[in-house]
Amino acid sequence: MAWNTNLRWRLPLACLLLEVAMVVLFGVFVRYDIDADAHWSAEKIRRNISSDVENEFYYRYPSFQDVHVMVFVGFGFLMTFLHRYGFSAVGFNFLLAAFGIQWALLMQGWFHHVQDRHIIIGIENLINADFCVASVCVAFGAVLGKVSPVQVLIMTFFQVILFSVNEFILLNLLEVKDAGGSMTIHTFGAYFGLTVTRILYRPNLDQSKNRESSVYHSDLFAMIGTLFLWMYWPSFNSAVSSHGDSQHRAAINTYCSLAACVLTSVAISSALNKKGKLDMVHIQNATLAGGVGVGTAAEMMLMPYGALIVGFFCGIFSTLGFVYLTPFLESRLRIQDTCGIHNLHGIPGIIGSVVGAVTAAYASSEQYGQEGLVHYFGFQGFKESWTTKTQGKFQVFGLLVSLAMALMGGIIVGLILRLPFWGQPADENCFEDAVYWEVPEDKSSVYFPDTVKASIQSSTPVPSIPMGSSVPIAVPLVP
Amino acid sequence: MAWNTNLRWRLPLACLLLEVAMVVLFGVFVRYDIDADAHWSAEKIRRNISSDVENEFYYRYPSFQDVHVMVFVGFGFLMTFLHRYGFSAVGFNFLLAAFGIQWALLMQGWFHHVQDRHIIIGIENLINADFCVASVCVAFGAVLGKVSPVQVLIMTFFQVILFSVNEFILLNLLEVKDAGGSMTIHTFGAYFGLTVTRILYRPNLDQSKNRESSVYHSDLFAMIGTLFLWMYWPSFNSAVSSHGDSQHRAAINTYCSLAACVLTSVAISSALNKKGKLDMVHIQNATLAGGVGVGTAAEMMLMPYGALIVGFFCGIFSTLGFVYLTPFLESRLRIQDTCGIHNLHGIPGIIGSVVGAVTAAYASSEQYGQEGLVHYFGFQGFKESWTTKTQGKFQVFGLLVSLAMALMGGIIVGLILRLPFWGQPADENCFEDAVYWEVPEDKSSVYFPDTVKASIQSSTPVPSIPMGSSVPIAVPLVP
Amino acid sequence: MAWNTNLRWRLPLACLLLEVAMVVLFGVFVRYDIDADAHWSAEKIRRNISSDVENEFYYRYPSFQDVHVMVFVGFGFLMTFLHRYGFSAVGFNFLLAAFGIQWALLMQGWFHHVQDRHIIIGIENLINADFCVASVCVAFGAVLGKVSPVQVLIMTFFQVILFSVNEFILLNLLEVKDAGGSMTIHTFGAYFGLTVTRILYRPNLDQSKNRESSVYHSDLFAMIGTLFLWMYWPSFNSAVSSHGDSQHRAAINTYCSLAACVLTSVAISSALNKKGKLDMVHIQNATLAGGVGVGTAAEMMLMPYGALIVGFFCGIFSTLGFVYLTPFLESRLRIQDTCGIHNLHGIPGIIGSVVGAVTAAYASSEQYGQEGLVHYFGFQGFKESWTTKTQGKFQVFGLLVSLAMALMGGIIVGLILRLPFWGQPADENCFEDAVYWEVPEDKSSVYFPDTVKASIQSSTPVPSIPMGSSVPIAVPLVP
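Protein chains in written order, with the UniProt record's numbering: chain A, 1 to 479; chain B, 1 to 479; chain C, 1 to 479.
Looking at chain A on its own, in the form it has when it is part of the complex:
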């Protein structure tokens, strides 16, 4: 494969066409919702908003900002662990998320927020758009290093559509509860991404194997991503929960689950290493599985110890996945999963979906109070006849639908991405920033004491290196 990776026309065209489309569609469809509109409408008075403090903005904005950080810094920096792919990791994630949130505002708007033929947006839409994009970031983790930015944009375009359809089926048709997105975001995103990377299988990827690894500082950059994801995950799982106790409870449960997950990840990471040493890959990823695992159940009456148990097992299974499953997937199933999203989002996503179904099925009026149960699960109107068992059953349907959508969608999108004119890199150039970026010449990134510097500059002219810079190079150890 020696495809043309010069994107001079393709990338600008893709970006500009998509953005012009966004402008037109926003012009036709998107308006402010009542809480963001300057009108002092009768509606506003009728809804009895006596004080600005009841504006949805104040309930959701802090959580929104945390989720925003997770999408851009969290996912972006988590993927900088590759030592020559940091620009692309953080840059392409930035690009896909910036496009994705606009497109998600439209797609999710058409499904959920149309009023008088307009999409009505407010702070909750911004959060949901970030959620939708998070599932694209997950899938991006599987194909990281092997696709061009044009492919990334195309994948985002289709995945946002599929996500929105799946979300509509789950939330509106199956009446599923999934505030933290174990199903809609993580399971869907992970299996979609894994299917795409399966279709894009590269038998000769080992030609760039030496670049598919980290260096010391790139692992520290990745920890920035890990920690911001970890710290803000309680905001993620509680961001769109109902006001009051639901949001409060979702934050507490997520906090507990994540804390437990760190300890079991560390335990298994050390136990599976001959010398008992920890592996940065596990610390960077498996410690987050607890957040995925309580995605669905976080706002339910899971109880703090329930959250700890979920985190406990997510940490174990996720770390085991990195050690045993990822190599198996690559060698046997031809699934090349760069970031190990199957371990961080796939398995814990399924665990989270099942935990959610079970927690719902065994919900009782003792736990929630009678009003609380009816209120929380919405057992009113056409759902009046539902029991918690019905709810649990539909939660399982939600998981199955998400998996089916991910597989089918992934195959179609994968085939589209396999077309040979999207500027994808050759096998020997994967995981390499220089294909798509102007990469700065090395100035050795290190600091010389003046004495050494002087001797270098005076005595050692270096051919074909710009004057004044000094490059560390490898030479035989024995002269």
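One thing to keep in mind: the hints can contain errors.
[What the hints assert, rightly or not] Computed list of lysine-lysine pairs in PhoX-like fashion (alpha-carbon distance at most 25 Å, straight line):
{"hint": "1", "chain 1": "B", "residue 1": "Lys277", "chain 2": "A", "residue 2": "Lys209"}
{"hint": "2", "chain 1": "B", "residue 1": "Lys209", "chain 2": "B", "residue 2": "Lys274"}
{"hint": "3", "chain 1": "C", "residue 1": "Lys209", "chain 2": "A", "residue 2": "Lys277"}
[Stated by the list, open to error] Derived Cβ-Cβ restraints for the label pairs, each shown as a range:
{"hint": "4", "chain 1": "B", "residue 1": "Phe111", "chain 2": "A", "residue 2": "His118", "range": "41 to 47 Å"}
{"hint": "5", "chain 1": "B", "residue 1": "Glu371", "chain 2": "A", "residue 2": "Phe111", "range": "19 to 25 Å"}
{"hint": "6", "chain 1": "A", "residue 1": "Gly27", "chain 2": "B", "residue 2": "Arg117", "range": "51 to 57 Å"}
{"hint": "7", "chain 1": "C", "residue 1": "Val165", "chain 2": "A", "residue 2": "Ser51", "range": "40 to 46 Å"}
{"hint": "8", "chain 1": "B", "residue 1": "Pro327", "chain 2": "A", "residue 2": "Glu428", "range": "22 to 28 Å"}
{"hint": "9", "chain 1": "B", "residue 1": "Lys275", "chain 2": "A", "residue 2": "Val24", "range": "30 to 36 Å"}
{"hint": "10", "chain 1": "A", "residue 1": "Gln380", "chain 2": "C", "residue 2": "Met408", "range": "47 to 53 Å"}
{"hint": "11", "chain 1": "A", "residue 1": "Lys383", "chain 2": "B", "residue 2": "His375", "range": "49 to 55 Å"}
Because the hints were derived from the structure by calculation, they are not lab data. Here the structure is a predicted model, which means the values were calculated and not measured. No residue lacks a Cβ here, since even glycine has one placed at the ideal position from N, Cα and C.
Given the coordinates of chain A, assemble chains B and C onto it according to the supplied hints.
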């Protein structure tokens, strides 16, 4: 120029004198406002604050913290792209901002918050102080690498005064709307900084040209700055808007504009490169222009598509500026703009001011509702006779005044900074941390496998390098 | 000392046992508090929570998230300054904090939040757990690089207990005010950690002296920690203050104190250097002393100028401590304080305790209003007879108790940690990640222009280095 850069007495004296002055002035003038004071005053009861939730603190604190992060981490790390100037970038930015916020609390307090001969401060003052300092951070970007910390403090001292005067003229005399500061912060800050750097023109700056560039990891550090600026910009533009829908709308518009800006920046960056490759400088900077461009209009009924259009063009013009304008400014106008602030704050600031003026001029009661229009623009009292056209006209005056203040102020401050005793670096030592910092000796910042380390240590004694450390050095490629 | 550092069984066992214990104890004891529970209880109605906006969650969640960032990113990255200990700094801090918050929820719960034999948790408990862990992070700074992760877990286990006992004595028995934790968190944490490191004294630590230092990029990573601590400290000191003006005032005072502290730290750092150069150690640490110094008094009517004065002196004493005291402690008192916590938390903690005592003792109804004074200090019920002088006296008792607890507890825990089977590193392997981590092989972390790369690969085979990677090595300067 071989000036003395030893700041042993000058920097400590400057810091201590300024800080003592702050203590004295705060002692004489600064008190808590009613929402931060422990008194259960009649006033508090009269204002009918029935619940603590109406305390201004809860409306503004989350936005304040986001703005705070933008000033210290955002601007600080954005400027770490220079490979030998990271300490100074983040350190001097820290110093100037820490001094600037205190001085701004006083200056802005005298202009806006005097009550019974005291300056009354609360959370909104902290945000405004951060805003004022943001304009100093902008200007600092132009002179980065070429000034001493003493000069930075002096520039901050004067710029905070000029900023506050300009802000007073705009907001109080011209009744201009500028919540996100396209005029007061960005246009003023950028042209002030550009004027200063013009006055400080160094004809022989090419002597340190090899240091005015990035390395791989310094570009990743800079992306930390970029992303925190990008993510929190909605908080920046909405932080001091009126409660409720204004704040809500400002956040939505800024989110939209920034998203659009990323796509057009990427498009132009790739289109202008021979091989279609992206340039980190554009991704780090031009992607932010959308936030500047909606600064004034963000809280207006700009509509989401309006915001997208603004971001669309800001991304394009900003990237074009980096490619064509910055070299022109340097070679023809002798303006050495280290960070390209003209492209990130100058041009988009002017665009934002004009967009604000036009949006105000064409505001209608259809968009805002009759009460909304009067309420938002304050067409009451002596402004009762104003039309939206009047408002638009005054917005333009605001831009012109800001430019005039920036140019005049920049000339005066530039001349002061040219005095030869502020410890500025020689031309060949610009962009060099070691002039003002104890820089750690290199330990090669990299990790050796034990086998290699052993061979190195046993076989290759290195003259004049401390024992145990190993330094990569340049040697001829052909023995 | 050639102890076995293979933790293959010890670390996993420690993690799993502790986590299983957490699950069991949470199952038996921990329940949601009323604001996080789904029940629509009579209690809830009786407390007249008419709107969800009065849910404690909305008062505290933004502050909680900021504190969370300080514990995990702030402390974690602050300690990455060591050039070969970044993984351990950020990773062990992650581990200890994740365990510590669970254990603290239990310990603090038993002391303060038991209701019907259950511990009732809500958002405020999460903040307090983070606070408790912050004191462990402080102590960890003293022993950084010299302990195994098993030792870290053991220290955390005991320190959380001691912290909770001390906190109970101070807050509940001595009725001390300490919202920002100058006494409970900083003084206790610092002197506990210093005592432990004294007991663990290593006479031959100079064998790894060459690793106990920073490189250029590790100092920049540390600045990420510094800045997030600095920016979010106003949230730290105000997070658990009473609603309304107390919280508001605490944020303002901390903001002022920190700003002043930066200027005096810079001043002293430059003044004490022969060439007037700044030292990164001071900028990374001493600039934060102002936050510690107003911990106790931040929510009092300290006045903004009072806060400036506190920050002013904390910056000075902290920097002086780094220059003069740390070497003295090491050479004379055999206290090896890796991060200089005595200067950042010890001295400023004592200053903060004294400032708090004095501010309380001289509080007057003129400053607070009569109702304000009674309300703020709780001079009701059995405290009705107290004067502000009594309060001040008890504040001093609080400091003395904290110091006594720290010293006694530190001796006991230090002796436990000295047992030879915890996997501690030998003297020559301190400050070395490779002891406990799989450290990535060096790929030189730098970027070679293609031309150079080609010549290297063709002409210079390097023995015992994996193919495709190139390692910078030290060679004699003169062939």
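Status of each hint after checking the structure:
{"no.": "1", "hint": "B:Lys277 to A:Lys209", "in the structure": "23 Å, holds"}
{"no.": "2", "hint": "B:Lys209 to B:Lys274", "in the structure": "23 Å, holds"}
{"no.": "3", "hint": "C:Lys209 to A:Lys277", "in the structure": "23 Å, holds"}
{"no.": "4", "hint": "B:Phe111 to A:His118: 41 to 47 Å", "in the structure": "42 Å, holds"}
{"no.": "5", "hint": "B:Glu371 to A:Phe111: 19 to 25 Å", "in the structure": "33 Å, violated"}
{"no.": "6", "hint": "A:Gly27 to B:Arg117: 51 to 57 Å", "in the structure": "52 Å, holds"}
{"no.": "7", "hint": "C:Val165 to A:Ser51: 40 to 46 Å", "in the structure": "43 Å, holds"}
{"no.": "8", "hint": "B:Pro327 to A:Glu428: 22 to 28 Å", "in the structure": "35 Å, violated"}
{"no.": "9", "hint": "B:Lys275 to A:Val24: 30 to 36 Å", "in the structure": "31 Å, holds"}
{"no.": "10", "hint": "A:Gln380 to C:Met408: 47 to 53 Å", "in the structure": "60 Å, violated"}
{"no.": "11", "hint": "A:Lys383 to B:His375: 49 to 55 Å", "in the structure": "42 Å, violated"}
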